[in-house]
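Engineer: First to last, the sequence lines map onto chains A and B.
So that you can map any letter, position 386 of the first sequence is 386 in this note's numbering, and since no number is skipped, the others follow by simple counting.
If you want this note's numbering, it's the position in the second sequence, counting the first as 1, plus 419.
What the hints contain is simulated information worked out from the structure, not anything from laboratory work.
Misleading hints may appear alongside valid ones.
[Stated by the list, open to error] Straight-line C-alpha distance at most 25 Å; calculated BS3-like pairs for lysine-lysine:
(1) B/Lys-423 / B/Lys-501
(2) A/Lys-357 / B/Lys-451
(3) B/Lys-524 / B/Lys-472
(4) B/Lys-423 / A/Lys-356
(5) B/Lys-422 / B/Lys-451
(6) A/Lys-346 / B/Lys-422
(7) B/Lys-451 / B/Lys-525
(8) B/Lys-472 / B/Lys-451
(9) A/Lys-55 / A/Lys-8
(10) B/Lys-472 / A/Lys-357
(11) A/Lys-55 / A/Lys-93
(12) A/Lys-8 / A/Lys-93
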Amino acid sequence: MKPLPEGKSLGWMQAPASWIDSHTVRFIGVVRVVIQDGEGFILIKKGKPLFYYFKQGTIELKGHTALDYFNSHPVIEFNLCKYTPDELAWAMKLCNIEDPDRVVPKKAVVTGPVYREHTPLSPPADPPVAKPAGEKRNPDPVVVSPPVPTVDKRAAVSGPVYREHTPLSRPANPPVAKPAGDIRIPDPVVVSPPVLTVEQRAAVSGPVSGEHTPLSRTAAPPVAKPAGDTRIPDPVVVSPPVLTVEQRAAVSGPVSGEHNLSSRTAAPPVAKPAGDTRIPDPVMVSPPVPKVDKRAVVPQPVAGDDPEVTILSHIRDLDGIVAIAVFNDIRNVIMIGDADSEVLVKIARTMLETAKKITPLLTWGPFVHMTIQIPAGNMIIAPYYDNYLCLLTTRTINIGHIRRILRDLQQKAAPQRVS
Amino acid sequence: MLKKILNKFLILHDVRGVIVVRGDGGIVESIKSGMEYNDAFMAAVSTFMAGSKATADTFGNSPAFMVFMEFPDYFLLLAPLKEEFFLLVIAQNTANIGQINQEMKKNREDLVALL
Numbered sequence: 001m002k003p004l005p006e007g008k009s010l011g012w013m014q015a016p017a018s019w020i021d022s023h024t025v026r027f028i029g030v031v032r033v034v035i036q037d038g039e040g041f042i043l044i045k046k047g048k049p050l051f052y053y054f055k056q057g058t059i060e061l062k063g064h065t066a067l068d069y070f071n072s073h074p075v076i077e078f079n080l081c082k083y084t085p086d087e088l089a090w091a092m093k094l095c096n097i098e099d100p101d102r103v104v105p106k107k108a109v110v111t112g113p114v115y116r117e118h119t120p121l122s123p124p125a126d127p128p129v130a131k132p133a134g135e136k137r138n139p140d141p142v143v144v145s146p147p148v149p150t151v152d153k154r155a156a157v158s159g160p161v162y163r164e165h166t167p168l169s170r171p172a173n174p175p176v177a178k179p180a181g182d183i184r185i186p187d188p189v190v191v192s193p194p195v196l197t198v199e200q201r202a203a204v205s206g207p208v209s210g211e212h213t214p215l216s217r218t219a220a221p222p223v224a225k226p227a228g229d230t231r232i233p234d235p236v237v238v239s240p241p242v243l244t245v246e247q248r249a250a251v252s253g254p255v256s257g258e259h260n261l262s263s264r265t266a267a268p269p270v271a272k273p274a275g276d277t278r279i280p281d282p283v284m285v286s287p288p289v290p291k292v293d294k295r296a297v298v299p300q301p302v303a304g305d306d307p308e309v310t311i312l313s314h315i316r317d318l319d320g321i322v323a324i325a326v327f328n329d330i331r332n333v334i335m336i337g338d339a340d341s342e343v344l345v346k347i348a349r350t351m352l353e354t355a356k357k358i359t360p361l362l363t364w365g366p367f368v369h370m371t372i373q374i375p376a377g378n379m380i381i382a383p384y385y386d387n388y389l390c391l392l393t394t395r396t397i398n399i400g401h402i403r404r405i406l407r408d409l410q411q412k413a414a415p416q417r418v419s
Numbered sequence: 420m421l422k423k424i425l426n427k428f429l430i431l432h433d434v435r436g437v438i439v440v441r442g443d444g445g446i447v448e449s450i451k452s453g454m455e456y457n458d459a460f461m462a463a464v465s466t467f468m469a470g471s472k473a474t475a476d477t478f479g480n481s482p483a484f485m486v487f488m489e490f491p492d493y494f495l496l497l498a499p500l501k502e503e504f505f506l507l508v509i510a511q512n513t514a515n516i517g518q519i520n521q522e523m524k525k526n527r528e529d530l531v532a533l534l
């Protein structure tokens with residue numbers, strides 16, 4: 001399997017999956033996602049998700065199942081990697097998908113089984129991966145619903161909610177999803193979903209208090225078996241997932257504490273080998289439809305404000321920038337770079353409190369920015385939309401340059417928090 | 420003598436005030452030009468000092484560090500001199516920070532000797 005092109009990394013972030021959707025309007029590239037021991041990606045072209053994929057051990061999630069799994073986490077860790085047009089074309093080729101802008105006419109009629117979440121623009125989903133008979137290089141593909149965590153009310157929940165997955169067990173004889181009118185294939189047998197339960201829920205940190213509305217999805221579309229293809233075994237049809245994440249009480253604190261950005265290595269997820277026609281095409285997916293009504297961590301700061309990513313990425317790319325954090329009084333919104341984000345933001349908050357106390361005593365107007373020389377380098381704190389931006393730089397950075405950037409940022413962001 | 424050294428800062432372009440301040444916010448010496456050190460301002464200085472010190476304490480035994488806080492028209496520049504003594508420079512944003520830093524380097528030893 002060939003990996004996707006690396007692209008140009010814009011840095012690691014921690015945010016809800018829905019943040020990706022609302023902040024990549026002009027982004028072209030891949031968002032590499034790391035959740036616990038699993039890795040995945042979202043291929044995006046100007047805000048339009050082309051392909052969702054996630055793999056954890058032997059479990060592969062594609063399309064909406066992968067998206068639902070991403071959405072089932074209050075915060076996920078991901079790396080935005082920008083693609084050139086050539087890289088995107090190559091990635092799409094590896095994913096075996098075509099450019100929907102070219103191929104799919106507006107309001108195309110989707111025939112056959114359709115996901116309920118599909119937008120009219122989405123082409124019909126290709127059949128999930130099925131392993132050809134005799135194919136030994138690839139493990140048996142299984143179409144599975146996302147791991148279903150069942151978290152019930154527990155006090156003092158803190159941290160990533162979905163810690164332990166019970167392994168999915170595949171049916172020995174996968175049933176067949178029978179396309180309408182196809183009398184050659186026997187009727188499909190629907191298998192109830194594997195329900196993953198979350199154990200050991202103590203000592204979780206982070207705002208996970210949002211109430212998840214259970215995701216109600218239609219069943220995965222029946223899998224069409226190519227006519228006359230006797231090599232492909234019968235695919236598995238799994239019934240919709242049952243998300244039973246319920247009110248998680250008494251949760252506080254930022255989410256990002258449990259992540260260590262610097263410890264991540266984002267190996268690109270596996271993709272279908274080019275030219276391997278025995279493996280069915282991956283699933284095309286429609287743009288994500290946020291399913292969770294309430295989340296502890298809300299995408300920030302401005303929905304649909306794609307330039308934000310660009311600005312932060314631009315800052316991150318400057319020589320001497322070690323880490324970037326966007327935070328507010330309650331939580332850390334975004335973390336990019338290699339630094340102990342908790343410590344970084346703690347220091348920033350301490351100094352911000354000082355600035356808030358000083359500002360009303362002076363008649364000089366709102367606080368604009370602050371630079372603190374700490375042993376590790378310089379820490380720069382500035383209002384940023386409704387939040388605050390914290391930059392950690394090396395000692396060698398040109399502070400004047402940073403000040404100019406901050407000034408530009410603050411001119412764009414009209415409201416100032418401290419006044 | 421201390422004022423004489425502080426005056427080297429005050430003559431820099433758009434520097435409005437220079438204060439030698441203790442870690443507890445107490446003023447050791449101060450000079451100003453074109454601004455008033457009223458009670459509110461002195462309270463702000465004290466708060467600024469205390470907040471900076473609290474932040475420095477986060478780093479344990481590491482040496483005290485410089486803090487630069489900018490407002491639309493003015494900025495505060497707090498630099499450590501020795502242990503419990505700090506130099507606070509108040510200047511308009513049009514002042515040359517590099518020049519102020521350079522002056523600090525040149526005069527630090529003299530200032531420390533007088534404290």
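Engineer: For the pair supplied as a hint, A/Lys-357 and B/Lys-451, confirm whether the alpha-carbon distance does not exceed 25 Å.
Structural biologist: holds (23 Å)
Engineer: Are the Cα atoms of A/Lys-346 and B/Lys-422 separated by 25 Å or less?
Structural biologist: Violated - the C-alpha atoms of B/Lys-422 and A/Lys-346 are around 37 Å apart, more than 25 Å.
Engineer: What's the verdict on B/Lys-423 and A/Lys-356, does the C-alpha distance respect the 25 Å limit or exceed it?
Structural biologist: violated (33 Å)
Engineer: A/Lys-8 and A/Lys-93 were given as a pair; does the straight-line alpha-carbon distance stay at or below 25 Å?
Structural biologist: Holds, at about 19 Å.
Engineer: Between B/Lys-524 and B/Lys-472, is the straight-line Cα distance small enough, at 25 Å or below?
Structural biologist: With a Cα-Cα distance of about 21 Å, the restraint between B/Lys-524 and B/Lys-472 holds, given a limit of 25 Å.
Engineer: Does the alpha-carbon distance linking B/Lys-472 and A/Lys-357 stay inside the 25 Å limit?
Structural biologist: holds (15 Å)
Engineer: Run the distance test for B/Lys-423 versus B/Lys-501: straight-line Cα separation, threshold 25 Å.
Structural biologist: holds (19 Å)
Engineer: Between the alpha carbons of B/Lys-422 and B/Lys-451, is the straight-line distance 25 Å or under?
Structural biologist: At roughly 10 Å apart (the allowed maximum being 25 Å), B/Lys-451 and B/Lys-422 satisfy the hint.
Engineer: Verify the proposed pairing of A/Lys-55 with A/Lys-8, using a straight-line Cα cut of 25 Å.
Structural biologist: holds (22 Å)
Engineer: Does B/Lys-451 lie within 25 Å of B/Lys-472 when you go C-alpha to C-alpha?
Structural biologist: holds (24 Å)
Engineer: For B/Lys-451 and B/Lys-525, compute the direct alpha-carbon distance and say whether it is at most 25 Å.
Structural biologist: holds (20 Å)
Engineer: Given the hint that A/Lys-55 pairs with A/Lys-93, test it: the Cα-Cα distance must not exceed 25 Å.
Structural biologist: holds (19 Å)
Taken one by one, the earlier hints fail for this structure at numbers 4, 6, listed in ascending order.
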